[in-house]
Amino acid sequence: MEKPFLGVAYYPEDWDEKEIDYDISMMKKAGIRCIRIAEFAWSEMEPEEGTFSFDWLHRVIDRAAEEGIKTVLGTPTATPPIWLTQKYPDIMVLNAQNVRARHGGRRNGCANHPKYLEYSMRIVEKMAQEFGDDPNVIGWQIDNEINRPSCECEYCKSAFHRYLQAKYAGIDALNRAWNTNVFSQRYTDFNQIPIPTVSWQNPHVRLEYQLFSGDTQSRFVGDQIDILKKYTKAPIGTDTMPTLAVDYESMCEKCDIMQFNHYDQPEALPTERFWFDFIRPQKEHPFWNTETSSCWNGSWRTAQSVKPYGFCRVNSWLPVALGGESNMYWLWRTHHGGHEIMHGALLYPSGRPYPIFDEVRRVADELDQCGTFLTNTRVQSQVAMHFTGRAWNMFETQCVVDDFSYQKVLYESFYRPVSDCGIRPDLIMAGKELDSYRLLISSLLPTLEEGDLAARISKWVKEGGVWIAGPMTDFRDACGARYVKAPYGMLEELTGARQAYEVPDRVGATKCQWKSGKEFVGSWWYELFESDGDELVKVSDGYPTLIGKSPLLRKKVGKGAVYLLGTVPSAEDMKQIVTMAAREAGVPMIAHEGELAIAPRVGEGIGGMVVLECAGKGGSVDLPEEMTDLITQKTYAGHVTLSPYDVLVLQKK
Amino acid sequence: MEKPFLGVAYYPEDWDEKEIDYDISMMKKAGIRCIRIAEFAWSEMEPEEGTFSFDWLHRVIDRAAEEGIKTVLGTPTATPPIWLTQKYPDIMVLNAQNVRARHGGRRNGCANHPKYLEYSMRIVEKMAQEFGDDPNVIGWQIDNEINRPSCECEYCKSAFHRYLQAKYAGIDALNRAWNTNVFSQRYTDFNQIPIPTVSWQNPHVRLEYQLFSGDTQSRFVGDQIDILKKYTKAPIGTDTMPTLAVDYESMCEKCDIMQFNHYDQPEALPTERFWFDFIRPQKEHPFWNTETSSCWNGSWRTAQSVKPYGFCRVNSWLPVALGGESNMYWLWRTHHGGHEIMHGALLYPSGRPYPIFDEVRRVADELDQCGTFLTNTRVQSQVAMHFTGRAWNMFETQCVVDDFSYQKVLYESFYRPVSDCGIRPDLIMAGKELDSYRLLISSLLPTLEEGDLAARISKWVKEGGVWIAGPMTDFRDACGARYVKAPYGMLEELTGARQAYEVPDRVGATKCQWKSGKEFVGSWWYELFESDGDELVKVSDGYPTLIGKSPLLRKKVGKGAVYLLGTVPSAEDMKQIVTMAAREAGVPMIAHEGELAIAPRVGEGIGGMVVLECAGKGGSVDLPEEMTDLITQKTYAGHVTLSPYDVLVLQKK
Amino acid sequence: MEKPFLGVAYYPEDWDEKEIDYDISMMKKAGIRCIRIAEFAWSEMEPEEGTFSFDWLHRVIDRAAEEGIKTVLGTPTATPPIWLTQKYPDIMVLNAQNVRARHGGRRNGCANHPKYLEYSMRIVEKMAQEFGDDPNVIGWQIDNEINRPSCECEYCKSAFHRYLQAKYAGIDALNRAWNTNVFSQRYTDFNQIPIPTVSWQNPHVRLEYQLFSGDTQSRFVGDQIDILKKYTKAPIGTDTMPTLAVDYESMCEKCDIMQFNHYDQPEALPTERFWFDFIRPQKEHPFWNTETSSCWNGSWRTAQSVKPYGFCRVNSWLPVALGGESNMYWLWRTHHGGHEIMHGALLYPSGRPYPIFDEVRRVADELDQCGTFLTNTRVQSQVAMHFTGRAWNMFETQCVVDDFSYQKVLYESFYRPVSDCGIRPDLIMAGKELDSYRLLISSLLPTLEEGDLAARISKWVKEGGVWIAGPMTDFRDACGARYVKAPYGMLEELTGARQAYEVPDRVGATKCQWKSGKEFVGSWWYELFESDGDELVKVSDGYPTLIGKSPLLRKKVGKGAVYLLGTVPSAEDMKQIVTMAAREAGVPMIAHEGELAIAPRVGEGIGGMVVLECAGKGGSVDLPEEMTDLITQKTYAGHVTLSPYDVLVLQKK
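Protein chains in written order, with my numbering: chain A, 18 to 670; chain B, 18 to 670; chain C, 18 to 670.
Treat each hint with caution, since some may be false.
If chains are identical, the list can't say which one is meant, so a pair holds when it fits in one copy or spans any two.
[What the hints assert, rightly or not] Lysine-lysine pairs mimicking DSSO-like chemistry, simulated, CA-CA at most 30 angstroms apart:
#1 K45 - K502
#2 K20 - K479
#3 K247 - K502
#4 K46 - K502
#5 K132 - K174
#6 K174 - K104
#7 K20 - K592
These are calculated hints, taken from the structure and not from any lab test.
Model, not experiment: these values are computed from the prediction.
Chain A with its partners taken away, still in its complex shape (with noise of 0.2 angstroms):
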């Protein structure tokens, strides 16, 4: 749409015609510009098999369309209606302990099924052919919130023999991999590969189950686009949370927008930036915030606790700062009985307003008066750092270290300090390309062996580019295996660095130091590389072979460096590495304070930055030149300070 809108949740199938006509005209007075409907609307739009009806449906996105509210559409794939469940019980996923998941609930449906497939396509096919060229609905959204289900059903089964078949050039092939010498597990044929229980299992087999049961997901998300592209023009994406469960690349390859939902607490809220710098690059078309809470989040049964005054304003401002085009509420009017009765909305389920209503209005009259603004920039960044699937889902298989986990490691030690030095990065997948950045950053990046990934880098870096790698990066080929000729798969190559050892240290046996004797905290694990002049850091004591070796070196390699990294600093310790790469680099920093959202963004001739503050407890940001903020008109320069939630839209003079 022409500019960055609030949309809602919307589930008329809840209620009366006359209800629906309030909840609309209520709607406008909110400044809602779009709903978001049918996600679950199967048993509405196909009651009986075969049987279609749409009309219901025709009847709200013209409704909505007459008070200038457009419509994005979800396929209903989530809830397979009783007549499907019934008819095919066992398209119901089947849990290890041999249970079925019953119908009521959501995502309960096998995507190796045949049968579930085969009706999912057919109403996908159906709403595609009524609703394709309807030009009220401005978006699709395919199934809900799609996660990877540990289904054991003989089509899963067959399917995994069959992915594992396509996959590795014969059963030795495998063996080999995943040396099932260890155990006697060697096997002879693929269809003997057992369904990994939850412990004492290879690695590997609990590596490929995963990324299997990943793409599985994302062949359903792909066919179901296959055909809704026959039918329309507008938008398709499919709304992910918060994990990379299943691979983000291959899930949304065919997308051609990413939507995105979270729900999380006040205290978290900083770490949404991570995930909309992640979101925000991956498509083109700016990405939509399709769900987060107005003013408390619910669990299917219960309600949270309401979120601080001010919490809505800067939750709703964030995806739109940092690249997206909307931001969507969960829900509309909450639902008067079944699941989630207790959801933050805007409506209650009598029709009367949550005491958020006046608020969501604001921040629609805001996005308004920033509206061109935000549409003729964007945000841009110099500095690149990998998130991958296949990372995460080799530390759900093997973290490494005792409760380690990538992302909080990722996000608290990395991605943090990266923040702090006040750069705006990209999060970036293994297919990325790499050109557009000055500085790139792949720490916890168990293996390079994903297509040409290591190529890429390596002539990136050598053309120039300033390249932070590790710690826990390039010592696992694609299957999580350890390499036997030497530690890494490239990195010894590349820089001409020699590792001596690897240690796992959570007790802080292992001091360190900065050339100029500073202490340098590092925690987790260490791998030290042998001294040659070129280190940063040093071991200073502990175990007496560990001493003198180094966790930190920086490496000349073509015109440009490498700052090989062997474990997890301290935030302040990051932060120097981060400065001086930079520096190198050439990337510049913002000085400020606080968990501020810091997105500078340019356009043809126009320029500035949003500035949001989203811990609720203030800070500052020193600005480089003098701006005005769109929304009170006021001016700024130097040194500004930031009131708890504070929302500054500044735009260049």
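Position chains B and C relative to chain A; hints supplied.
Chains B and C alone, transformed into the frame defined by chain A:
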């Protein structure tokens, strides 16, 4: 019996005849006047299918009677014998993981299985024929600690579908009531409805399944009573546990007497006041505390810790003080083998007495001393408080706010402040008549749609009753859904108040003040009313939209008044509310300090009160007039101090 | 072998021949003298059913022998190959949820399944035929870390019924022994008895099922040994873990040598003294510590943290000091793929050495220096302490008092005070002869009904032995039931004492004093005796009935004495009891401070002691005479200070 008495659970099937003779002689020494036997002895009474053996039981009953000891007989249906579980393995309950219960535990039979029912009713009838007119059998107990097992066998499924069919006017009515449009859940036939698994299931199907499971048990109890009543005039009950999982109103409908088991740790003894205040008003016949431990609890295989000295005495007195007729220990003599061989008792397996033996004798003597007074007086109350099975099950299936616990909050935030005001309330279920009460407290009573409750309350208020209503009251319909026309079923209509907002608040975001400006502390949840001059409390800080709204109104209704309460108040604030309402209703309050059980007792031309110190910490009470302690014959007046675990049985002069 | 030696677990099936050559050359560098191989290599040795391949294994053994490195061979029955698990899927253990184990883990075969047994015994016999007379094979290991899987397959059920039938003189005897009258559990046929589920099952059926499951494993081990012994004279064992779930007495009955695996964290190293004191007395042949980690443990998929410097050395010395012949590391070279790829070792997958490599070499050299002294002396003890499989399983199936842990309390409250008194005890099982001991401690030994144990103890005491008996000793019969005639089987009869009360007390309600008036601190549990002049300690406060009763009597019995102990004493009080009893028995004690392992060693005309500091905190020992440290050649006398993780191998002058 003539006076309140002590009893014991006894398992003669454990022991040789010689030991039984010894046991009975020792019971007499301990002052025990009743044995509770046979509750698990099915395999003794029917060692083979259709072969009955009751002589051994007659001998025990007769032998006890010779020493003046009466008998309560339990029906043994909780423990089906091996010939039955082997012949019909599918009578064993089947859990959600498709695993059947095994022989050797208890309450493992499915009360919807026709064969289990057939054999259960036959043994009950045989016992009734054999002992129904034995004058030494002074009561009957049905089964043991009836709970709500979650069985998923085919018989349960069919019965559940029949239950729903009988309750709803067709499948469309059910779909509407449950709002099954959410998640395409809509059913076309009752037999499609699944037994709900733990999460992401429609809360209404979960509620109905729990109510159905409870009804199954109620019917099981009722069927046994129907049989017994053909043969006996002795009072019949079923020994309940501190839970409302099975609705007491329906389970005990046909009972003559309430029976209650409790095993609280010392720190929880004060909560038993709550349970006895709940048990007392259910039946005319004074209740029996059928089980409690003498000096320590055991689990099925271990001992817990010894309880402090003094506890046994006050724990034995408490049920009698609060309106019961008997306290019975579990058990007389610890099993020498099998389950629970570490449970506290009065004799060790070796026949030697426990350290508590003499203390029990002391209580027996005291009951004897005070017996006439206790028998000729009854506990009376002018205050009622709702505590219902429907509410229990509703909060279990949708607890409204995360972690909210119905019984815990009702006890801590509502019952205890009432008790601390020196009021002895009756805790009543939905069907109880209100005429005899002056003050009614209906907090956490989600639905008033139980019979004609709403109409009866309205009438009672209009005729002069004072009603404290809310929070979380009248805000759900009978199946747990929310109202669409207004937030309440009848509260707004009755009082003329209008609710502005509902807000969950566990973080203290919302601040309130009494009219006087004094702080008022709410928690968990706010229903906030438009202020119209009747407000006692207002929001003073928080969301701008909430400020000035009121969580506590006082509305005159007819000759009565409604205190409309929208939040869970602090104990201090609840005491203030209760004090205001009690004064308005003309209900007297007895000033005291400490966690006492104060039981005013009235009879014809006789009166007084029993005062117990329950927390082991001491306390005091201000007597309204001079009274004599029947144990020590000391006379008390005015401010009286109690030592830890003190017992005063005070008769007015 | 001639002198104590270091060994490693090695998995040649992981590696190319070239790497194997490299590995063996590096082993020699590290001072390794033994490899432990083949334990999981079934699929290498029998790649197809009936096709055997041993050449590769011969080559490894021969290649190692060339470098002077001997071999221990493991039988591979813990990891059945795919052709077997595929042909007979029901050999996989079946859990209580009816879910079978899957291929790819270990110890997943059911040792009651005839086909699993048939194929297991065949591969063992083939190995025996192939390697039984190989002079370089210096020992055998049966399976790996035998535990007690809870299998519920039909074979296990039948075997359990046969086991019970063989043990009890008919079903009536079983009913009496288990008191199945409780809960109408009574059986009429052995085949009705269920495998017990977790809770509310008769503790005796639970105990028997655990004993049966242990016996299944013992028979599995014994059957393998019978086969091996037809072909080899090398010592055979099975590598056990720190658990008595499977009774060592029966499992190791046919073994020649004890083998032991442990992976303790640094803070738990002192507890290994307990386990080595337990392993040592079982067999004439000095035991082998078959597994421990070099510098950090791994789980099946992660690393734990690096251990402190110095730990490896003392951890390697500990088994040798306490009577063992070998310390073997798990593993030589970390797997490059498959399970446990983060486990500590001596070489990384890349072949590079770990930081601990040189430290291991140092220990090898030290063992060499001290070898003659160690080989010519043995650890001797005059004190025995019971620690039995029956007790372990009894406390597991009925832990007496909530949360009571047999091994933890035995270690903390009984073993450690003994050790702190400077006594090196033998931990013995029920069958062990007592003649060589002067002081016997039988605490937490619920039943004496194991063989003729009660009679042997009586005789031994009457002939002059000093016995500390209790608490929780002799208070259960063989199947875990309580005695009816008296609280004990024989204690009252033997000593003339009379127990008054048994009381669980976790809250400190019971206070005691030594005769001197000094406070005595008990815990958990009290058996209190009538005071008759022999009491050392009396109850001074608590329940009135308990005051004056005694938890500690000293009774003269024949030429000996019994210290009748009724509670778990504080460490300080236990040391006082041990000191009194040791003096009475004439047992010497070595004064020291800190958590040391002090191992007096005696040989023909030679003697001394090894002293290790186990806690990393330092300590001291008072030497009874002048001695020379064989590592440093320094001479010590009198008060000697040890630094953290110090090792002194002291030979008398």
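The hints, checked one at a time:
| no. | hint | result |
| --- | --- | --- |
| 1 | K45 - K502 | between (66 angstroms within a copy, 21 angstroms between copies) |
| 2 | K20 - K479 | neither (42 angstroms within a copy, 58 angstroms between copies) |
| 3 | K247 - K502 | neither (50 angstroms within a copy, 44 angstroms between copies) |
| 4 | K46 - K502 | between (67 angstroms within a copy, 21 angstroms between copies) |
| 5 | K132 - K174 | both (16 angstroms within a copy, 26 angstroms between copies) |
| 6 | K174 - K104 | both (22 angstroms within a copy, 18 angstroms between copies) |
| 7 | K20 - K592 | neither (36 angstroms within a copy, 55 angstroms between copies) |
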